[in-house]
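**Student:** So the protein sequences, as listed, match chains V and S.
If you're matching positions, the first sequence starts at 49 in the numbering used here and goes up one per residue.
If you're matching positions, the second sequence starts at 45 in the numbering used here and goes up one per residue.
For the record, the hints were derived by calculation from the structure and aren't laboratory data.
Ideal placement from N, C-alpha and C gives every residue a C-beta, glycine not left out.
Facing chain S, a subset of chain V residues (Cβ under 8 angstroms, in silico):
#1 92
#2 97
#3 152
#4 153
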Amino acid sequence: DAKTTQPNSMESNEEEPVHLPCNHSTISGTDYIHWYRQLPSQGPEYVIHGLTSNVNNRMASLAIAEDRKSSTLILHRATLRDAAVYYCILMVSGGSNYKLTFGKGTLLTVNP
Amino acid sequence: AAGVIQSPRHLIKEKRETATLKCYPIPRHDTVYWYQQGPGQDPQFLISFYEKMQSDKGSIPDRFSAQQFSDYHSELNMSSLELGDSALYFCASSFRRGGPYEQYFGPGTRLTVT
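Construct the entire structure; sequences and hints are all you get.
**Tutor:** Okay, here's the thing in structure tokens:
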């Protein structure tokens, strides 16, 4: 499975934007970039995914580098509820399975 | 909106006992995944089913088995339980046809083996 690298932890202040980076230098042309987050004592939660173009949804934005070797999850205004572990995961397209391979993720702390 | 339902939410078993975890996917979802998350660990993929057939297998012990039924719900059966099986077990569902779409996770079953 293609691997991703994320910082172990990041800190932000409430109502400020947060940029969570992810490196995936071995990504192949058909791999989707998925982001999930896990709040304490809860199941992982889908955030956003993309292939080549930047993506926006109600939760976040995903900025994908032109060479696709890195991506950034953007939370436009962090709230205390956004404190969680954020996972950047590559998912192979066109295969027979779409399991999620969780790495270490980034622990986001949001200060009031 | 309907979410993934898991039961029971908490389960306490003794060593060498058996346990059955149930998962009810979101309506019209055709794929179910099982993940295990040990204390302080990241979730690890166990097994998945697509249209009631096993589609992929991860680090699932031979003591564990699973299946997906005609109504798409799934059960994870765990036998000869060991202390190391104590973990959170998450089920996720997705609608796979057409691409690798997002997975929606249930609240998990916390299994404690004593």
